[in-house]
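*Asks:* Could you build the full structure based on these sequences and the hints that come with them?
Same order as they appear, the protein sequences are chains V and F. All residue numbers for the first sequence refer to numbering that gives the first Met the number 0, where the first residue is 0 and numbers rise by one. All residue numbers for the second sequence refer to numbering that gives the first Met the number 0, where the first residue is 0 and numbers rise by one.
Hints in this document: simulated from the structure, not taken from any laboratory. Keep in mind that a hint or two might mislead.
Label pairs and their computed distance ranges (CB to CB) [said to hold, decoys possible]:
#1 F:Thr194 to V:Ala120: 46 to 56 Å
#2 V:Arg191 to F:Leu168: 47 to 57 Å
#3 F:His198 to V:Leu280: 13 to 23 Å
#4 F:Ile148 to V:Ile10: 55 to 65 Å
#5 V:Trp266 to F:Leu168: 41 to 51 Å
#6 F:Asp188 to V:Phe224: 30 to 40 Å
#7 F:Gln6 to V:Glu178: 47 to 57 Å
#8 F:Leu263 to V:Phe84: 50 to 60 Å
#9 V:Val141 to F:Ile148: 52 to 62 Å
#10 V:Phe84 to F:Gln6: 22 to 32 Å
C-beta atoms are modelled at their ideal positions from N, C-alpha and C, and glycine is treated no differently.
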Amino acid sequence: MFNPIVILQSIVSGILMGGIFALLGVGFSLSWGVMKVINIAHAAFGILAAYIAYWGLTLYGIDPILSLGLSLPLLFLTGLMIHRFLIQPITRAREIVVASMILTFGLAVVLENIMLFAWSADERLITTPYSSQSIFLGEIIVKISSLLGFVLSIFGIGAIYLFLYHTHTGKAVRATWQEPEGAALQGIDLERVSMIAFGLAIASAGAGGVAMAYMYSFNPPAHNFWLIFLFLVVIVGGVGSIFGSAIAGLLIGLITGVSGAFFPFQWINVLLFGLLMGILLVKPEGLFKR
Amino acid sequence: MMSARVQRISTLFLLCFLALLPLVKPPVYFISFLFMIFLYIILAESWNLIGGFTGYLSFGHVAFFGIGTYTSAMLFQKLGLSPFIGAVPAGMVSAVVAGVIGYPCLRLRGPYFAVVTLCFAFIMDLIVKNWSFLGGSEGVHLKLVRMEIQSSRSIFYEVFLGLAVMAVLLVRWVQRSKFGAGLAAIHEDEDVAQTLCIHTAGLKLKAFVLSAFFPGVAGGIYAYYISYIHPDVVFDFNISILIVLMALFGGGSSWTGPLIGASLLSIVNELLSTFIKPEIARIIYGAMFIGVILFVPNGIVAFIRKRERVSS
Numbered sequence: 000m001f002n003p004i005v006i007l008q009s010i011v012s013g014i015l016m017g018g019i020f021a022l023l024g025v026g027f028s029l030s031w032g033v034m035k036v037i038n039i040a041h042a043a044f045g046i047l048a049a050y051i052a053y054w055g056l057t058l059y060g061i062d063p064i065l066s067l068g069l070s071l072p073l074l075f076l077t078g079l080m081i082h083r084f085l086i087q088p089i090t091r092a093r094e095i096v097v098a099s100m101i102l103t104f105g106l107a108v109v110l111e112n113i114m115l116f117a118w119s120a121d122e123r124l125i126t127t128p129y130s131s132q133s134i135f136l137g138e139i140i141v142k143i144s145s146l147l148g149f150v151l152s153i154f155g156i157g158a159i160y161l162f163l164y165h166t167h168t169g170k171a172v173r174a175t176w177q178e179p180e181g182a183a184l185q186g187i188d189l190e191r192v193s194m195i196a197f198g199l200a201i202a203s204a205g206a207g208g209v210a211m212a213y214m215y216s217f218n219p220p221a222h223n224f225w226l227i228f229l230f231l232v233v234i235v236g237g238v239g240s241i242f243g244s245a246i247a248g249l250l251i252g253l254i255t256g257v258s259g260a261f262f263p264f265q266w267i268n269v270l271l272f273g274l275l276m277g278i279l280l281v282k283p284e285g286l287f288k289r
Numbered sequence: 000m001m002s003a004r005v006q007r008i009s010t011l012f013l014l015c016f017l018a019l020l021p022l023v024k025p026p027v028y029f030i031s032f033l034f035m036i037f038l039y040i041i042l043a044e045s046w047n048l049i050g051g052f053t054g055y056l057s058f059g060h061v062a063f064f065g066i067g068t069y070t071s072a073m074l075f076q077k078l079g080l081s082p083f084i085g086a087v088p089a090g091m092v093s094a095v096v097a098g099v100i101g102y103p104c105l106r107l108r109g110p111y112f113a114v115v116t117l118c119f120a121f122i123m124d125l126i127v128k129n130w131s132f133l134g135g136s137e138g139v140h141l142k143l144v145r146m147e148i149q150s151s152r153s154i155f156y157e158v159f160l161g162l163a164v165m166a167v168l169l170v171r172w173v174q175r176s177k178f179g180a181g182l183a184a185i186h187e188d189e190d191v192a193q194t195l196c197i198h199t200a201g202l203k204l205k206a207f208v209l210s211a212f213f214p215g216v217a218g219g220i221y222a223y224y225i226s227y228i229h230p231d232v233v234f235d236f237n238i239s240i241l242i243v244l245m246a247l248f249g250g251g252s253s254w255t256g257p258l259i260g261a262s263l264l265s266i267v268n269e270l271l272s273t274f275i276k277p278e279i280a281r282i283i284y285g286a287m288f289i290g291v292i293l294f295v296p297n298g299i300v301a302f303i304r305k306r307e308r309v310s311s
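*Replies:* Take a look at the structure:
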């Protein structure tokens, strides 16, 4: 049981998995932090992108990475529209966070069932010619598809980081998050900025969804399961923190991977939820809040 | 608005009508449908004590329902305790669990409380599924006395009618009491309430425990109603969300809101699932959540009252 190879293997696959959690969680964290919107439908958009990639691959033989070129702008636009027509009307509500949770829950149900309608509840798996291949590092196996998902995550998080810290609009997003009124006084158009941030968050969910689809099979209801990890990433990493999300994602992947080597599968979720509850009760502002 | 007297008399008439309904032996389907409405009224009204009055949105209230179901099922299975007696300890167990969970969790506010209650419900579901003592993921079969369906359904119907009336009256009483005023103060501004010497932590805990009791009792009876208990059914996450929606749709700040919300949405749900293909019904169901938040954010009761004020 305490075979070092097994442990090392689970650490490696845990880290690869964690990178993807981080990419999925980063946009979730962004919309929670900047717009005070808890987007329950976040993971559902990830599934949507995974289906677009799946369609591109099975119907036209387009590589999932390439199909992101189509699905990301599409999701970005969808995000803009959702923000304009669904989120903006409730931004003046007294309890926007709670209202947004119920609203986006409805959105998730709508999306899930549209996808069920279009693609049925069958489990799908993205199988590219290279996805069955693996690299061997000594006795540790690294699947190419997992590695690709991980690399995609690094690029995704890197892109969001660059946007937030090195572009004018990105700095406006951060300013809005830190002090909305101050940002408005500086001539930042809050609605436009949050619209862009929301579009970006949805697009990042799409990238995360495709990365996830490289490793796991998916079907429309699977987003409920992914959502758990989103909450974990955001609560552990601290709401709105990019860096925190990245670290938290890796950490959670690691915990999931390593505990998978020791516990039966069904108890891992109990462990994760227990962890989430514990962190919420002890340190609700997250472990990595600046 | 009707005068108070007319209102009281018409309510009494409606209650008598509902209580005597089983005597004319209406179709079993109809009785079962009303039974489900009563169940949701009980759940939504109870939820409102904490969620509507204080603004602490519990997204895991189905857990208390589920705990109630399993408690009374186990009492029957292991000790042979009769259904309707077992429901009382079931409610008590739910209330005790609520106390234990609520004490640390009620310190969290807003979305954090919502998330932590959500987690709690998931954990309960997973624990029950993996605990063979409770039947695990195979569920529990209750071996009940065979009874003619019409009369057994009628009994359950009457019991739930009584329970629903009790729940509504309790919430109405709380709303008009000093306790309710304290809860409203917490909703308005908890910090200010605290500085006014309102013991907010105690009040919240009391409301939370009370709000878990009736779902527990209802669950305890529901166990016998369905007689086959599965964690996927009695810990269904969608029930949690539906309760929240019902209460908010009706309007969370008063006892009438959940009553109206639960009745209306149950009817809408039933119509959707009877007449429309399941996927499309679910899409409409999801759109309903969006519609409620966008168009009637303060609930339908407040919406109608506002309309009336404008027109008069």
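*Asks:* All hints are to be evaluated individually against the structure, with a verdict given for each.
*Replies:* Each hint, compared with the structure:
1. F:Thr194 to V:Ala120: 46 to 56 Å: 53 Å, holds
2. V:Arg191 to F:Leu168: 47 to 57 Å: Holds - the Cβ-Cβ distance for Arg191 of chain V and Leu168 of chain F, about 51 Å, lies within 47 to 57 Å.
3. F:His198 to V:Leu280: 13 to 23 Å: 21 Å, holds
4. F:Ile148 to V:Ile10: 55 to 65 Å: 58 Å, holds
5. V:Trp266 to F:Leu168: 41 to 51 Å: 43 Å, holds
6. F:Asp188 to V:Phe224: 30 to 40 Å: 38 Å, holds
7. F:Gln6 to V:Glu178: 47 to 57 Å: Given about 50 Å between the Cβ atoms, the range holds.
8. F:Leu263 to V:Phe84: 50 to 60 Å: 25 Å, violated
9. V:Val141 to F:Ile148: 52 to 62 Å: 60 Å, holds
10. V:Phe84 to F:Gln6: 22 to 32 Å: Given a distance of about 40 Å, which is not inside 22 to 32 Å, the answer is violated.
In summary, the numbered hints that this structure violates are 8, 10.
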